[in-house]
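Chain order of the listed sequences is A and B. Note that the working numbering has the first sequence beginning at 53, numbered continuously upward. Note that the working numbering has the second sequence beginning at 53, numbered continuously upward.
Be aware that one or more of the hints could be misleading.
Note: identical chains are not told apart, hence a pair may lie in one copy or across any two.
In silico BS3-like links for lysine-lysine, alpha-carbon gap of 25 Å or less [said to hold, decoys possible]:
hint: 1; residue 1: Lys118; residue 2: Lys106
hint: 2; residue 1: Lys118; residue 2: Lys55
hint: 3; residue 1: Lys118; residue 2: Lys448
hint: 4; residue 1: Lys360; residue 2: Lys118
hint: 5; residue 1: Lys80; residue 2: Lys447
Just so you know, these hints were derived from the structure itself, not from any lab. From a predicted model like this one, the values you see are computed outputs, not experimental measurements.
There are 2 protein chains.
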Amino acid sequence: MFKINENYLKLPGSYLFSMIGKKVSAYKEANPDRDVISLGIGDVTLPLVPEVIKKLHGAVDEMAVKETFRGYTPDLGYQFLRDAIIENDFLPRGVQLDNDEVFISDGAKSDTGNIGDIFSVDNRIAVTDPVYPVYVDSNVMNGRGGIYLPDQGRFSDVIYMPCTAENNFVPELPKERPDIIYLCFPNNPTGTTITKDQLQVWVDYARREGSVIIFDAAYEAYITEDDVPHSIYECEGAKECAIEIRSYSKNAGFTGTRLGFTVVPKQLMCGDVHVRDLWARRHGTKFNGAPYIVQMGAMGTYTPEGKKQIREEIDYYMENARTIRQGLADAGYAVYGGVNSPYIWMKTPKDLSSWEFFDLLLNKANVVGTPGSGFGPHGEGYFRLTSFGTHENTKKAIERIIKL
Amino acid sequence: MFKINENYLKLPGSYLFSMIGKKVSAYKEANPDRDVISLGIGDVTLPLVPEVIKKLHGAVDEMAVKETFRGYTPDLGYQFLRDAIIENDFLPRGVQLDNDEVFISDGAKSDTGNIGDIFSVDNRIAVTDPVYPVYVDSNVMNGRGGIYLPDQGRFSDVIYMPCTAENNFVPELPKERPDIIYLCFPNNPTGTTITKDQLQVWVDYARREGSVIIFDAAYEAYITEDDVPHSIYECEGAKECAIEIRSYSKNAGFTGTRLGFTVVPKQLMCGDVHVRDLWARRHGTKFNGAPYIVQMGAMGTYTPEGKKQIREEIDYYMENARTIRQGLADAGYAVYGGVNSPYIWMKTPKDLSSWEFFDLLLNKANVVGTPGSGFGPHGEGYFRLTSFGTHENTKKAIERIIKL
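Could you build all of it, start to finish, from the sequences and the hints given here?
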């Protein structure tokens, strides 16, 4: 009899967003006249910018004609896009990369989920707590979770590194040595980040201890402060210990268009094996490239006009971030993030639990957010608000929260 | 120190297509005046059809406007597409499916490569020989290969089921019981297929022995004969033992546009676990949906006009298949496939090895094909030609081969 991968059964249900959905539906049904505003979603709402649209239409036209039609894409992605990435996203920050160290994919979620495949099951992982659930879940699927401890909301074999107001949301170096360290800065869900000097400490640690860092930089476009690194490769020696994952989802609104990329430098070695070669093999065997049309679409983010257009969208969201942050701070709430990130992480007032505050906000202010406990045990007592709504709704929501 | 997945190191280099590329380049460099025709590629060459182009443009326009912009796609894919698939690809064949048994993906290669993730490492797999390399390689990556035996060109733990002219390319039931059986009909590389009755034997076997069948139906659009099943679910009881993988690559020219889907019926159980739920979990955790634009593009294949247009492209390729098959048969070659498939599988003449025949064809006829031995030990002595060229070049190539 065939056998399933039993590790999948260790995963608890994805309770968070389904529970939010149920509660919101129930409230709306009971109160059909109320105008419920969501600051809960992590999805963008502004359309693709004109330059991207132009490139997409152009690529569709190419696919309609035999002479310009494109079949299977190159394994690593089109060279024009890999060149544009290096030239625009890395060289201006002083980071030199070879073309074959950049792997185009269908998005950062796939890459963060799949990257574990090229490492031995026999590795110990470390994640920040709270954390984007994909890092943990995908490792559990691969057999690195141990057992789930429901009363603690954590897996026995995973090293959780608390990120709370007490340590300014900068994880401390772990006491037990992890083999694989997941870092995401600017962070989802806390919206906070770390300076280049603070990240250098992690790079030095990883090199010293022989760990590999999976650096999720999906939110780098939201960075406004000078001392915050856009790429981990701005840190000395990072190419020897780090993989970086990027996305077009949040900077260019590609959440439904799907494109991202991963950098695996050749200097990242395990013994005499280039980790890059394993990722290349996985890419060539279990993936067949992102659509030509979409890869061309991304080229629209690199033209002078396109850069201006995506910047305007980010600025639009960041005005919401300021509205939320400032409004709540002025009203006496403890708020974090929102400066280099579209996410605002707030302390729940009066020692309310994350879910109690969720219920209060929904029922009394008709505003939907995300309970911090859904992202890990140390998210308890916190709450996430996002900047992806309209200016008008965001202002209205904050006014309502302040009046609570 | 972090550890890599050592299984990756067991994979031999992907020798086949790189060796072909090298030989062709060397020949062209030495003979710049020669007109070399390739009947080697498995990639389509005709452009996307007008109905698909129209849908793609329409979807791009929707993405440009806030009111119709689409962010994250539903985990399983858009319902409009899953409904269209059931209505057009399955109901006409008498196969009823629920909407949540169909999972939209970025292509059949990803799905065939990833499907192994939801099964235990402790399963024995069986493949036909010759075989599409992804089935074996992805299982080796997951630890199911055992060790590679270079002199035999096979992995120690994989059950290979020979498909040769002697058994009419229909694999015999294996002597050792496999847990997971990969079947691809119409077959890549042999271009042959099996009847519904013959497939029923496999379904019955799988149910009896507790095996699961991964049925790759990527080439079903090329079927011309009535007794050849388009879906494994045409066989009785198949929903209890089979997963089916489909692609838009070869029927609608989506090799560079990337879309496919996988059917996991709820009846497929392992103990009290629905295998479907594991695939849903993987889909939701390690994948974030195919682009909205591309899912809309696929809708163009289901309009009356779109169906006609993709049928014309398939007919175009199938005329090449007839040209190759008939031309070579008339000249006394033993040829297989090409009736329900764009692939023609020929016996090399005069006991030449696959590579010897490759060299002869390249040097004397200036035609490029694919040596059968590249697909597995029992591909030795065979050679693959494909129908994806132009009518003119295909005719010219066959004339040259006949004159050899």
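Given a CA cutoff of 25 Å, do Lys118 and Lys106 count as a within-copy pair, a between-copy pair, both, or neither?
both (21 Å within a copy, 16 Å between copies)
From the Cα coordinates, with 25 Å as the cut-off, is the pair Lys118 and Lys448 best called within, between, both, or neither?
Only across copies: Lys118 and Lys448 sit 20 Å apart there, 53 Å inside one copy, limit 25 Å.
Intra- versus inter-subunit Cα pairing at 25 Å for Lys118 with Lys55:
So Lys118 and Lys55 fail the 25 Å test inside a copy (46 Å) and across (46 Å) alike.
Quick one: Lys80 to Lys447, C-alpha cut-off 25 Å, is that within a copy, between copies, both, or neither?
within (21 Å within a copy, 67 Å between copies)
State whether the alpha carbon distance between Lys360 and Lys118 is at most 25 Å within one copy, between copies, both, or neither.
The answer is between: 18 Å across copies meets 25 Å, while 34 Å in one copy does not.
This entry does not satisfy hint 2, going by the numbered hints stated previously; all others are met.
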